[in-house]
Each structure stands twice: as C-alpha cells, then as structure tokens.
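Number of protein chains: 2
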Amino acid sequence: MPQVEARPLSDDELQGIDAYWRAANYLSVGQIYLLANPLLKEPLRPEHIKPRLLGHWGTTPGLNLVYTHLNRVIRQRNRDFMMVTGPGHGGPAIVAHTWLEGSWTEAYPNTGQDEQGMARLFKQFSFPGGIPSHVAADVPGSINEGGELGYSLSHAYGAAADSPELVVACVVGDGEAETGPLAASWHSNKFLNPARDGAVLPILHLNGYKIANPTVLARIGDEELTSLLRGYGHEPYLVEGSDPAEVHQALAAALDACLDRIDEIQHEARATSPTRVAWPMIVLRTPKGWTGPATVDGDPIEDTWRSHQVPLSGVRTNEDHLRQLESWLRSYRPEELFDDAGRPVASVLDLAPGPQLRMGSSPHANGGLVARDLMLPRVADYAVPVKAPGAEDGDPTKVFGAFLRDTFVLNPSNLRLFGPDETESNRLNAVYEVTDKTWLANRRDTDENLSPEGRVLEILSEHTCQGWLEGYLLTGRHGVFSSYEAFVHIVDSMVNQHAKWLKTINRVGWRRPIPSLNYLLTSHVWRQDHNGFSHQDPGFIDHVVNKKAEVVRVYLPPDANTLLSTMDHCLRTRNYINVVVAGKQPQPNWLDWESAALHCARGIGVWDFASNDNGDPDVVMACAGDVPTMETLAAVSLLREHLPELRIRVVNVVDLMRLQDATEHPHGLPDREFDALFTTDKPVIFAYHGYPWLIHRLTYRRNGHDNLHVRGYIEEGTTTTPFDMVVLNNLDRYHLAMDVIDRVPSLGTRAVSTRQYFADQRTRHRVHVTEYGEDLPEVRDWRWTF
Amino acid sequence: MPQVEARPLSDDELQGIDAYWRAANYLSVGQIYLLANPLLKEPLRPEHIKPRLLGHWGTTPGLNLVYTHLNRVIRQRNRDFMMVTGPGHGGPAIVAHTWLEGSWTEAYPNTGQDEQGMARLFKQFSFPGGIPSHVAADVPGSINEGGELGYSLSHAYGAAADSPELVVACVVGDGEAETGPLAASWHSNKFLNPARDGAVLPILHLNGYKIANPTVLARIGDEELTSLLRGYGHEPYLVEGSDPAEVHQALAAALDACLDRIDEIQHEARATSPTRVAWPMIVLRTPKGWTGPATVDGDPIEDTWRSHQVPLSGVRTNEDHLRQLESWLRSYRPEELFDDAGRPVASVLDLAPGPQLRMGSSPHANGGLVARDLMLPRVADYAVPVKAPGAEDGDPTKVFGAFLRDTFVLNPSNLRLFGPDETESNRLNAVYEVTDKTWLANRRDTDENLSPEGRVLEILSEHTCQGWLEGYLLTGRHGVFSSYEAFVHIVDSMVNQHAKWLKTINRVGWRRPIPSLNYLLTSHVWRQDHNGFSHQDPGFIDHVVNKKAEVVRVYLPPDANTLLSTMDHCLRTRNYINVVVAGKQPQPNWLDWESAALHCARGIGVWDFASNDNGDPDVVMACAGDVPTMETLAAVSLLREHLPELRIRVVNVVDLMRLQDATEHPHGLPDREFDALFTTDKPVIFAYHGYPWLIHRLTYRRNGHDNLHVRGYIEEGTTTTPFDMVVLNNLDRYHLAMDVIDRVPSLGTRAVSTRQYFADQRTRHRVHVTEYGEDLPEVRDWRWTF
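Just so you know, the sequences run in chain order A and B.
Numbering that gives the first Met the number 0 puts the first residue of the first sequence at 0, with every later residue one more than the last.
Numbering that gives the first Met the number 0 puts the first residue of the second sequence at 0, with every later residue one more than the last.
One chain only, chain A, in its complex shape (with noise of 0.2 angstroms):
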C-alpha cells in the first residue's frame, strides 16, 4: 500500500488543525463525562461527573481527526463534502464537530456556542431526554445510525448517486468491515458512474478492536489486506501512526492525493466517457482510544479493546480516576481553544468551513429539505379497461412498469429503481424501453440492458440494494425496491432502522420528512408455486406492522388497475414505509379505473358487484391478496350456483391497515364503519394473503372478532401448481365455501350435500395434481361470469 510522503502542512496549518482535533477531543470527553464545570474552571470534583457514565470513547479520537481534516480539504476546495460515519458509537465525536462549526446550534438553537451551551451539549449525552450514544437521526449532516452496523458504505453510494458534485467521504469500521452487508457493499463502485453520479471515499479506519476482540481486518497484514481492497475496486493509500503531527501530515497527504485523484477520474469520465477506474481510498490505521488515558489500574487502555466505552469508569468515587480524566482532559489545553464564554477562539472557528459547506448543515444530509416531489405522469392513461369484472386478465406489475417507465422519463435524475437481479422477471421491463441497467464493469456483446448511464440498480444484495435506496432517499430522492416477497426478509433488520429514523425525523424539528421506502413485493408466497417451499413467506408485512404506525403502510392491490392507483400514491408519500405485495402473473381484472381509484382511496369496501346480500348478508366473505380475492370470487360464483339463497357480501380490503382500530393506526376505520362493513354478528370468512393471525391481531378489539374465521398461509406447500398452493394451505374456493357451510347453519340439509362436493372438489384436485402436474382445466380456465 503506498503512503505518500509529502508533508502538505506549513507549521501553522499543522498547529490549526491540531487545535482544532483537540477541541473536537476535549468536547467529546466533556460529553462522555461532565454535568458541569464544562471549561474546567474549578477542579474537578464528584459532583461534576454524570452519575451514569454511558459513552464510547474508543472509535472518537479517529473520528474526530478525519472529520477535521475534511474541514481542511472542504475549504481549501470548496466543494460539496458529506461524511457518513459508520463506526459505532461514534457519536460524541460528530455532534462535538457539529457543535464546533456551528450546524448544531443551528438545528438545537438552545444549545449555544457558550458556557452554558457546552453544558447543555455534555448533559444531553446519553443522558434521559437526550441523545444516544451513536451518530443518529438526532445529529446534524448525519444519514446513517452508528448503532446496527454495515450500512455505511452502501448509504455513501445511495448519497452519492446523481449528485455528481457531492464527495461522499465515508469513514468505515474495521468491526462494521466485518459485517455481511458492508463487506457485499465495496463493490458498489461497480455502480457508480463518474460522469454522472458524485464520488465516494472510503475511509477504512483499523484502530483494531471491536467490543472485546481484535478486528479481522486489522490482523490479517498489510500485505492480504492490500490485496482484498485492490480486489475490491480501490487503490488504497495507507496512513499509520500514533504521533499526532506525523499523522496529520500524512492524512493531510492522502487526502489531497485521493481528491486529487478523484477530480481526474471524473473529469477524464465527463470529457470522454465513463469507465470503471480504480477508485481511491485511505486505510487509516490510528490506535483505539488514542490521546485517552495509556493505563488504568495498571491495565493498558490505549490501543486495546478496553478503551472501546469509557476508559475510565470510578471518577465520581475514585480519587485517582478523577484525577486521571481532569489531567486527560486538561492536556487538550481547553484554555486554549475556547474563551472565557466558552465560545471556540477564533483561531479554531476559522477552521471551519463556512455555512454553505460544513458537513453538519450539508442540505444532502437533510433530504427531506431538497427532495423534489416527483413529476408523475396521468395515472388513469395507464389503466386497463374492465368492460365486466373478471372477464379478462391482466399483468398488474407489467401494467405498472409502463408507468414506471414514463416516470423515468419525467424524473431524469432523481428516481431509481432497486432489486436484486429480478426487473426482469418481476415484468417491470418496460422501463428498459428508456433506460439501462447501471453497469460500469466489463461488458459483452450478447449483453443487453447495460450501461453507465442506466437507472435501475441490480445486484444480488438485498442489502446493498436496500442500502443504496435508503442512502438515496435519505439525501432527498425518490425510489421503488422490487424484490421477492419471501427474500425482502433479508433486510428486516435494515427496515427497522430506517422505521426508528423516520420516527426521529418526525420527532426532531428541524430534520423534514424524506421520500417513502416504497417496497413492491411482487413474486409472492402464492405464486413461488415453481420455486418451492424456500420461496414462500409472507411475514414480511407481520414483520413491518410492529414498528410505529406513524410510518407504516401495508398496501394488497388484488389487480393491475388498484396496483396502478397505490403505487401512484406512495410515490406521492414521505416518510412511510409502504409495502405493496402484487402479483406479476396474469390475472383477473376487477376494477374499471374509477372503481379503482375510489376503492384504494377507501381502501376497504363491499364489493357490490359480487354480493347479493341487499344489505343484509348471511356471511361476510373477506378478502386481502390478488389471489384470495380470486379464491373468494370463485367461492361465491361456487356458492351462488350452488346455494343461491345465501345472501353473500363480499369487502375487499387493499389498505391492511383499515383494519386496525383508530386509536392504533391513522388509517384505522371507525368502529362504526368497520360493524357496517363487516356487521358484529354475522360470520366473516377471511382470505388473507399472509400468516392468518395477522388479522386476528389486527382485528381483536372489533366488536365481531369472534366471529372473524382467517384463512390464510399456514407453512405448507412446495413445489406444485398455483391451485395446488392454495389448497394445501386450505385458502381454496371450495374451502372457503365450505367454511361458510360450516358458519351458516340455517343453510339446512341441502347444504350438506353441497359441502360434499366441494370436499369432492378438493380431492379431485390433489389426485388429478399429483398425477398429471397441472391444475385441472375448470380452476386453470374459471372465470367470474355473474
């Protein structure tokens, strides 16, 4: 790995920024540790000391140093920087450097470059009421949470992408590198085009440990660890060291060589055309915990994993411990950096770049703040006309994807579309009429859809995806993840965060709402009838249902016009999660565009054209999925030939969260519509696309809950025929009809011959199946003729 030699800092520049880490230093200590005296002014004594001393100081030091020298680079280029920070419990390192610059004042205003100010920022720290312990929502210039690691890098290239003048320097972890997300994501760099996307630095900062264990990375020698991050994609340039002023020389070096060389990438990429060159990157290798206390107790601290929290922990009743932190914090010559107000001396505010430029007032960070809503073309030109429901099939996500197409069009630079390799096979391909694949790695003849300039983004990560969308919104702009119902599990843990995020941005004043996570789960548990048992989960919609209904929506458009009028309408939303589950595989039609609309504007409603309750029904049959709708209206039609005095009415629901009581979810129906729709004694026979207890979770304060009986998928089924699928998870028409048999008793005697047939059906089904390996023709070719 080269390290540059250059010395790039006269005496003064090294003396400034110097000053300027050890502000950032002092401040975070101060966070880590004091209630009050902050300046110092009296010696220390117990009472000073948090009672609770919650902080990591490990990670800080090396934080601090890069975001200082970024400063230095920021304002001798004066260029759009961001730092994205992905080492955990960095946070007292950021918000000092925010409070320093001055973008924390700015965004908590009662927290003031003064005395008293400095106070309120160490209390706050880990405190009750305050901030937590990881760069979070809560800090300024922030988009990632140091808290569930990985995602820093794939958030740096989301950041970076379309905002071709913005550096994205993006210090990562040697814990965090461990990670399976973060390790998938160095070959972002495949993705991202210097011409028209801006630049990421990696910054690989090995201080070698996590909590209580050496980092891999950081032990495997220089000569391996070169090889993988040349592997990766990256030229790297090693900084190394424990004297501060060598090391501030040869940061100051690598980074104008990286800037240097990352101007000539993209100015080579946007004079001819772009090609995938070796981007640069720093290892920066600076011991844990450095500047902290060497020894304490007689273990050493400094360089090893024991100074990943608080190097020193009996302050409020060991006097040595005091004693050890005040001199700590006294070699950072606090009298010098700050006045006698408290306020940082001038000579360490110049340091800072001005308004416009500093990191923590960076309006990318803040997306909310700059996201442009989306041009969307009109809507109701896409529809599919719907001369009689069900009498004709259509494709809902191929119907979207000409959509999605004209979209592109109409938002040429700020939307994208994210999946794991599945566009194509999801039948969203009509967005390749106008747009590529982005791909900057060799390329073939025979290839098609691929180029830099392409929007859609496609690797085999549901990670990286998920990561490269969140970076994208969280900086402002729009974006659609379409993957697989059963693998978007892979990223549950990644949706929970981005749920905490948004429900700080709501909390937080000054952050503003950002572009929704739109999921559009389109190979679903119903049709994995080819793929087989591994392929078939629905609980993703269970998992996303348990954060903060504030930010949830689950949306279940049951065809190609409904699919059409949601995602119309989450593209129009911020700050949501919305998952859309739709089938991509032909199939009935239900709704002309106006019934369309209005249904999903209700999102639940009697569907009138197949009851024939007149207002007061026998059963209620419900339904939530392409297919159990299908499955319902074919258990109608069956019930209607067969017992057409039943009185049947028959309530869609597309928005899940109708369901809910007011009191839980904004999207809740009121008691009173939910008894008029469902009545509170009648049976309701419910096909749901998912775990059936869903809605019984959902739906156990409703006055007729205990007449509510879920059909729904129970874990069974492989490999087989689309019928097969529901049968063997009991969500078939002929089931559905016999379970109304089964709750109408006053059906009489007739009824139990016809339940027999049904039962008949049934078996007749599974025998023809297993033999012949294909539904049989009066399920594969039934349409609802009423």
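None of these hints come from the bench; they were simulated from the model.
Heads up, the beta-carbon is just placed ideally off N, CA and C, and yes, glycines get one too.
Wrong hints could be hidden among the right ones.
Stretch by stretch, here's where chain A covers chain B in the computed footprint (C-beta under 8 angstroms, at least three residues) [said to hold, decoys possible]:
1) 126-132
2) 207-219
3) 224-237
4) 437-447
5) 498-512
6) 522-532
7) 770-779
Derived SDA-like pairs: lysine to any residue, alpha-carbon spacing no greater than 25 angstroms straight-line [stated by the list, open to error]:
8) K681/B with D705/A
9) K681/B with T679/A
10) K681/B with F785/B
11) K502/B with I713/A
Got chain A; can you put chain B on it based on the hints?
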C-alpha cells in the same frame, strides 16, 4: 492466478470421467423435461414432456462436473468428502449424482436404478408432490438449500469444524457471491484450525450470469479477482475453458494440487502447531448452460443468462424445440451410459465411490444420525440459593455461564458457542476459564482468550455466526448463539430457511432430527437504555412464532434459576428453534431451584408467594419476561400496600407457547387449564416482554380474551434509565397498578386517590430522571418484601 499445467488423466480415465459427467447431464436434462420415455427408446413425442417446465439448467453442468471430479479424488484418496452446493437451483445436478452413485435409491427405495426408477426420478422433479428445483433437505448429502442464497461457505466451515478428517468442497455460485452473508464468510478461514478442524475447499464457479444479468465477479478481470481472493486469505487455482477434455484435465490437476496442499497444511499443523496459511481454492470458469443448446430461435443461449432456466420452453407445442431437445439429450449418448433396463452400465457405476464414501451417503450430512447427546453436568449444582423470593439479586447469564463452562469440559469436541463479539458483554465469560475464542489471524501480547484451540466463535457478523452454527448443527453437533435481541433480526431470513429445513427433516423419513438451534438473547429491549432506540426491538419472537409450531419454542425465564432450567432443557432437545430471552443484569432471584424446575416444567403457573386471591381473584396479573415480572411484582406490592382488600393472582409465563391453543401448538394449554389460571371473567393485566399484540394473537381464541389487557414494548424510549424505559412504554409498576384500578370498579372511591398517587409517582420519576440522569432510590433499591 496459477493454472496447473499437468494433465493427470490417462485417456481411459478421461473417457470414464467424461462418461460419468454425460450421464449426470443426461439425468439432469431428463428431470427438467421428461414425464415418460426416460431412455429415449422411442423418438420424443409431446406427451413425453412435462406440462409445466420448471427447472434450471444453467448452473447444472458445472455442478455435475465438480461432483464427477470429486468422485475421482475421493476414490483415489479414500477420504471423507462432503459437497456443499451454493448456486441456486442446482437440484437436477445433485439429484442426478446421488441417483447415479446409489445414495438416492437408498433414501428413496422406490426410485431404483432402473428404467422405472429413472422415470420416477424425472417426474418428481419440480412436480406436485415431488421435490424442489434446488438442492434442499430432500436431497441426500446436502446441508445447504439453494433457494435463498449466500450461506454455503459458512455452512461449509460449520461442517468442517471439529471434523479433522473431513474435506468440505463448497461450490460458491458467482451470483450467490454478491450477497452480504457470502461476502463476509470468506474470512471464515481465520477461524479454522488446520490441526483440529477439517478442510474447506471453496470452488468459485464463475459461469458468468445470474437470472438476467452478468455477475460482478465474472466481470472484474482476472487480476482484480485474484487480488480479491488472495485478500480473503486464499491461493486460487484457475480452471477455465469450454472444451470438455481440456477442462477435465485442468480440473483434475487443480483438484490434485489443492488436495495435496491441504494435506501439507494439515500435516504441518498437526506435526507442529497450527498457524494460518493461505488455503487453496479453485476458480472454475465454464459457460453457463454448458453442453446445452447453443442458440434457440436465433438467440444465443449457452454462455448467456438465457440458459438460466429452461433453454427450450416450447417443446410440447414447437416441433423444432422438441427435435432440438431430443438431439440435446442424445448428445450425451445415453445408450453408452445406461443398459436396456435403465441401470447405469458397470463402467459408469465403477467410478462412484463405495457406499462408505459416496457424498450422498455422508453421515455428516445427516447430522441427526451421528449426533451424540451432550453430556450435561447436574444442573441443580449451579442453582443459586434463594432464601426468600426477591430477597437477593442474581445475574442470570453469569449463572448459566458456569453451567456452560462445565458443559464445555464434558464435551470437548461437539459443542461451540457463537456470537458477534458479545460473550464477554453478555457475561458468559466463565467459559474462558476452560476455553478460548478461536483465532488464527495475527495475535499481540496484549490479547486475551484468543487461540487456535478456542471453542468460542466470535466475528462481528451475525450472518456468519448463524451460518457456522447451522453447518455445525446440521452435521450433528451442538451450539448456542448468544446475541443482542434487537440485532438477531439480522438473521431473520436465515432462521426462516432453517425452520423450513427442520420441517422437511420431519417429513422425509430418512433424515434424523438434529440438535436444536438455541438462541440466548441476553441484551434485550429493556436493558438497552444505554444503547438507545436502535438497540430496542423484541420482534424476533413475533418472527419466529410464524414458523411451523412443531419446530418453534420460545422461553422467557424471569430469573437465574429458571434460565438454568430452561437452558438445561433446550440443550437436550432436537429439531427445534429455541428462543430464550433472559437478562444479563443483576435482578431479583424469585424461585429456588426446586420451584424453578417445577415452574419451567409447567411452563406457566400461579406464583402463590405473590398472590392473595385464595382461589377467587379480583384481578389476574400475568407476566412474561424478567423485567415485566419485576414490574408486575412491584405493582402487586404497591397494590397490596395501598389496597389490601384487593385479591390479586400472579401468573408467570416461562414457555410462551403455553398461551396458544392446544390445537395450534404442541405446548398449548388446554382451555380448561387456561381458564383455571386466567379465569374467564376477571380482568387480566398482562405485562409482556415484547410487542403487546403478540399476546392477543396467541390468545384470541381463549374464553377470557376480551378481559385481557396487555402492556409491552410500543417503540418508545431511547437512551435513558432502566426504569424510564418501562415508564415510557407504560409497562412500569405504577402504570400496571393504575391499569388494575381502572379495571376493578368494585374498588370504590378510595382507589381514585390511590390511582392519583401512582400517577404522581410516575411524574416525580420523570422529573428526577431527566434532571439527574438516574432512577429514584425507591425504584433502584426496590425489593419484594411481602
């Protein structure tokens, strides 16, 4: 990348190997297409073709090649091999091979090595009632499902651990290689001890394409790829080509070189002391869909993504396609490979290893067959003495740590502990008295508890930990995964797949139940007050209970002795996913050993010491989880002090599945017993560890369900104090007591002022905590005294 120049195969050997490969390819294509006429005794007609063509050819010839060549080295070296098949949809290949070698017929006797058996083999593939298109639990010799991708390499390392004589050949697909879990797992070689463990031989199969895209690793050039693999700690050997004879020679030579090198590494490590070296691996670059149709309808198929699934899709209706299929099948010259009765000819059969060594019969891959039960120390010896309920504190995980330590001593080679750098922080460090953390990378003098011989595996990748553990369990050994509760969501989707695998073990007769997957979630939602919002998520339980009831168990032991009893039980079980949530912080010991063991055996029960209902309660206070139990008992003591006339029954739940209906879960309590505990008409205030609605979902069928009022985590709270966490989520003692007052109207007017008193205590607390940052002494020092 070196290519080995030797040509180790004689002409006879070469022909034999090619014939074996052709036989496997023929059997693979047959599975995808044929319903009848398996030996092509007559010209192909449409009715010989399956009505729905569901299968994947693309990856198959490469997998067939590797399996064939592994057979050669197995016979030559007379050594134990397993093959882990990473690429998706590789089912036809491994099914074909196991049938050829005889292991398929051993598992499925009605699919014999004859014409009828071959016809059955073909029909069942991707057919209703048959087997899926990927290598799954149905396939003998497999421990890895090719459905959700990315876990092959970590499974391989888990399988190799503690099996010194075993070589695990792991084919990694180049699509799969893009996933996070796979990318992270390359570093597993730093955790493999060449003296104690077996070897893993990764074979990266670059066939170049995924579903509709090229793969990243196939398009970065040989130099970068070589650099990457060296950076992962491997010495790669390149085998490349499309001429079968050339590739046979090259692959044979590369395998010889790799296995010689593995012998050398192991010999050296076993003779001296284990150190880390660059393990050999193979990069196999052959065309996707090799030997299949070169073009179809004018489009290139072989060596493009178009060969991913079914290259000829119109065979039933398109005469050209049918003829093309027939000549494709005949190109393998089946008449030379199978006799008239459909049995593979002797010259083919001779190339398969004998029954002891053929990979489809590997006892490692049917772990339940070879698993020895753990030797467990007498658990009562580790119990903490409890003079009176709640009188003293205990550290549950620390108490269990001692038991686990001694379990390690009794089981020196079939037990491992897995975790993402949290064993120490989760207070299980007693284990370090008898073992270390496995570490083969560089070490420093200041390191602690690291050695090649360690039995604790820590890497900051939940995916890798989970993959290793699954591989270890699937090959018949035992393990515990200790993780932060919030971050175990990272492996949600892996848990899904493992649960599906366990269900399939129960279904296919020849697999034996494997040791259970045991989760100890110790840093749970209520004790993340220092780590904040991002670390707070109890939803893993919700995720797991959606899986098949026969494989899922959830336990919430409320103190040290109940945790001991629970873990002692879990370590004895097979084929379950056991989720145990327990605290690592000091907390009251409630039950002495005898009571704890009895309570855990029942799974749910009245706590008489805390109840004063004399069989006729005014209210039932139920609790599940350590913190909810403490808050409930604190609420009870408040209520008994302030409202002594109130008759309270306390019910504690350890085994969460007891709440469910007996028809829904094998642990479900019969209704009579449930009613006896909870009553059918009295209010039940239920304090639950996780999201409250899960309790409603589990109990919605119960008689008293409408009286149930559940408190739990509602996504509130961040960095604060432990007690403030419960306050913010309305789970605190005061709120629970207020809930009781609100629901027992018979309490009369005195209760009004008591209620106000409790409400005031909550306010006092909040004021104090936000000012001083710690809980009020009466909460901090609270003790059960009744």
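*Find the hints from earlier in the document that the structure breaks and name them by number, from lowest to highest.*
none
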